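In the order they appear, the protein sequences are chains A, B and C.
Position 63 of the first sequence, counted from 1, bears residue number 63 in this note's numbering, the numbering being contiguous throughout.
Counting from 1 along the second sequence, just add 132 to a position and that's the residue number in this note's numbering.
Counting from 1 along the third sequence, just add 702 to a position and that's the residue number in this note's numbering.
Among the hints, erroneous ones may be present.
What the hints assert, rightly or not - EDC-like cross-link-like pairs, simulated, lysine to aspartate or glutamate; straight-line CA separation at most 16 Å:
{"id": "1", "chain 1": "B", "residue 1": "K418", "chain 2": "B", "residue 2": "D668"}
{"id": "2", "chain 1": "C", "residue 1": "K841", "chain 2": "C", "residue 2": "E753"}
{"id": "3", "chain 1": "B", "residue 1": "K660", "chain 2": "B", "residue 2": "E676"}
{"id": "4", "chain 1": "C", "residue 1": "K784", "chain 2": "A", "residue 2": "E80"}
{"id": "5", "chain 1": "B", "residue 1": "K633", "chain 2": "B", "residue 2": "E685"}
{"id": "6", "chain 1": "B", "residue 1": "K417", "chain 2": "B", "residue 2": "D521"}
{"id": "7", "chain 1": "A", "residue 1": "K81", "chain 2": "C", "residue 2": "E780"}
{"id": "8", "chain 1": "B", "residue 1": "K660", "chain 2": "C", "residue 2": "E736"}
{"id": "9", "chain 1": "B", "residue 1": "K417", "chain 2": "B", "residue 2": "E685"}
Unchecked claim - Chain B is nowhere near these chain C residues, computed Cβ spacing over 12 Å in every case:
{"id": "10", "residue": "K743"}
{"id": "11", "residue": "G759"}
{"id": "12", "residue": "A763"}
{"id": "13", "residue": "H781"}
{"id": "14", "residue": "I897"}
Hints in this document: simulated from the structure, not taken from any laboratory.
Since the structure is predicted, the reported quantities are computational estimates derived from the model, not experimental observations.
No residue lacks a Cβ here, since even glycine has one placed at the ideal position from N, Cα and C.
So you can see what is in the structure, the chains are spelled out below.
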Amino acid sequence: MNEHEHAHDSHGDHGDLPRYNHPVSVKLLLTVFFCLVGLTILTVVVNGFGLGQLDIWAALLIASVKAAIVCLFFMHMFWEKGFNIIAFISSLFFVTLFIGLTLMDTRAYRDSQDKFPLDKRPEPTVVRDANS
Amino acid sequence: MSTTPQAAKLFGNAIGEKGNYLNASRGIKSWLLTLDHKRIGIMYLIGVTVALLLAGVFALVLRSELFTGTKMFLTEAQYNQMFTLHGAIMVFAFIIPSVPAALGNFVLPMMLGAKDVAFPRLNLCSFYLWLFGTGFLLVAMLTNGLDTGWTFYTPYSIKTTSAVMYATMGAFILGFSSIFTGLNFLVTINTMRPPTMTWFKMPLFLWSLYATSIIQILATPVLGITLLLLFAERALHIGIFDPAYGGDPVLFQHFFWFYSHPAVYIMILPAMGIISELMSVHAHKKIFGYAFIAFSSVAIALLGFLVWGHHLFASGQSTLLSLIFSAITFSVAIPSAVKVFNWLATLYKGSISLVTPMCYALSFIFLFGIGGLTGLFLGTLSVDIHLHDTYFVVAHFHFVMVGGTLTALLGGLFHWWPKMFGRMYNDFMGRVSCFLVFAGFNLTFFPQFVMGARGMPRRYARYDPEFQIFHQVSTIGAFVLGIGVVVAFAVLVYAIYRGPKVGGNPWGAASLEWQSSSPPDYHNFTHKVVMNDPYDYSVMVYDEDLDTYIHREFTVPEKPARTEPEPTTT
Amino acid sequence: MSSVDTTAEVHDEHHDDDHHDHGEFIAHHFDTPEQQYDSGKLGIWVFLVTEVLFFSGLFCAYVLLRYHQPEVFVAASEHLDKVLGGINTIVLLFSSLTMAWAVRAAQLGQNRFASRLILITMVCAAVFLGVKAVEYSHKWDLNIYVASHYNYIEGYHPDAPSEGLAGALGVSQSLINLCVLPAILLVGFLVAGVIYRVRESQAMSALYLAMAVMMGGFFLGAVGGQIYQNAAESAAAHGGDHGHDAAAGEHAEEAAVTGPDTTSKYPPPIGMFFSIYYIMTGLHAFHVIGGMVALSWLYYRCTRNHFRPDYYGPVDFVGLYWHLVDLIWIYLFPLLYLIN
């Protein structure tokens, strides 16, 4: 097969490619992958420290960094058209809006629901007898 | 004055070798498997019309039952099922797809001078999803019925024995149909505009469809997940909406209205787009305040996401949040009023022809005005506590959805019918249908404002004698409205078979879809379209030979000095 | 010029600057390959927006419930194995790498190389599901279901299955049940692959054999996961009573925090966590399955040499979808598995 003739590094010029075609170099892909693996290990390690309240924020921060590099390099956002980036990022704005306002509200009436009498809670439906 | 051969091609009924889209191929399969946006639009139109008539019959059954305050022929349980099915089918299967999917599908690519939407297969897929979704709703109706109201509120929807699972499945699938339509239109408008058609040279109908698509894309997935959770709640009892397991029943309302309030704008925004077109074309005057109307569509779409909590004023929602939602609700009135004032300003000193589409457009302004203003009453916190769940609410949203969307849909159909089928309808009968719809509608829903304000709750099968007179007027009105809608469709269908043939541009409209033959060629245009301002009617001149309006580019001056002028093509 | 695969199907010479090059992959309603590509690209980004909002409802429910009942989440996350979750994270990340690489290959017109990378991606997806099956079945064995069916009793260990296939393999019946469909598919794909081979339909045969390999990935994941699970359990059993006491102690503390009304019969609604867990991971798994179908389709098109530097949209678009599935898991992993 003749493909390997074309497997030149993307640092080389791609003058023969259409202008919307931006191949990412293999080196960059591998770098990104090992960064992602490193961050995954990091998040498990950080979780082991037992930072208490900060735990969740640390985990989310690391997850967001991972998400950002996946978006930028694997999903080619780095080279993407402005409009497409705005379209995708705007979804996060609406998600924030949705979750934010909903949470703001439930905090206000939650007390009344926490008073739900626990002994009125229905018995669990048994799928398999635990004691057999 | 004579015309060039291209004019005959563009505006006369000369068509390409494949024929027009109606006769390009024959047989049921050529319709069911078509990828042509025009045929898909027609199939949608047939589908939503059937849904409209079905749900309309439910409405008449409801109104008949309410003729007296005691039992006539429906039990309370049957009554609950009737209003639920009326609401669910009207909302999910009719109004949401009506203007965008039926009319929009036909008109949108042609307004862009394009051959089709960006993803024709996805478009056909949307239609079949619509068909399946509606099928599920019908299965729900034929098995155990549905008695939750179209909103599926928990906890009742978890407990009732009616066919909630089928219905949620149906609404879920219809949601995907809607998402795909929105996605398709958004991409089409973004990438398939002709190079010289910048954003601010698009017809306003496209702006409104664009705004609608934004809502469909951002809001509808949340409906999907809500219904999926409800489905899981029914199937497995996961407890997310059940306080017994630490869940939260009000959460459902948040989820539901995060979609369903924006969905209200999915229903009205395309209608507003139609009205922008009708006002300008039939007043033969450039639209007033183009940019304001365009931006107000987007503003309504975005503000629509910030007001869902006004459906929850009586749910125990926090006071702070209620205040915020109430304030933002008022602000929606601003872009809506911007539109109405600009339409009125468009009429000012226009040369108005009171043809059927214009009659419907004028009805729209009146009815939408009332519907919109009463929305402000309901957005007011203290007033809403009094009016919540009364007939006032029912009347309000019917003024917007029937008075607004249905009227605009009919107006749009009368406007584009000659383009769709190449035949003109009987304009007098069209106006009669408009009068019947307008009168019947007001007769039905005006009394409901009064009885609502006096405390008649919605969704009750029985009522006190003091409300009887209002209910009776309302019932009579409902039948007049029903007759009006039937007359309108009868006039339209009759025109297909017996109406006189028309040329490409009977109204003298300037947007691109009128530069094709009527009915359009299979590929929409047989010739490159001439780009011009969609609201500059001076470029269109009447041509007696072709009996239609043609672009001035194509007229040959009396002194035949010039050779055939080359049109500025794209 | 031209890194174009010269195949039986692509006859015409390709010119980048020729905007009237209506190759067979340009749909009739587009003017240029670029317009077609841009439309598809915007379409898929917008589709991803809908996916983000689709999942946002679940994240909303998650945040709400965790905010109000943190103790439920702490108690429940003990049933989730960080190692299995971590392995699955790495598997998905690796599949993202191969996917991104496949896009590069398609961009350069290297169809054969792209098809191999896509096959690796498919296998990774199946491995992910195999591990997930082990996790699910292990919970079901302990009666850990959604809230209304949650019936886990502290210290309960299911008896080792003694009968049938489950007994013979020493794994739980639930895992066997989860493996039935993949096994049928594996055999079916193999048979279909062989049949097409005999009929000399190379592309179809390659497709079915690739799908069979993919289903093999499922069993790879399931077996690997189960071996780890068994090892972890025996380690816990040898680790002995100490660990158990500590866990019981923690539970007692929680009971004290939640207040005096908590009778032993009505512990905090831990099942709620699993409602969220099953819905989130289940929906994610459905997206993985959807991705597997789409990837198989890409594999087929690669073997037919469909892609070239001016036409690689489908690989790019499915790639974007696949990365989103990965993105969602990137958030699900810490939110579900890493709770202290």
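Quiz item: Which numbered hints are broken by the structure, listed smallest first?
Solution: Violated hints (numbers, rising): 2, 3, 4, 5, 6, 7, 8, 9, 10, 11 and 12; every other hint is consistent with the structure.
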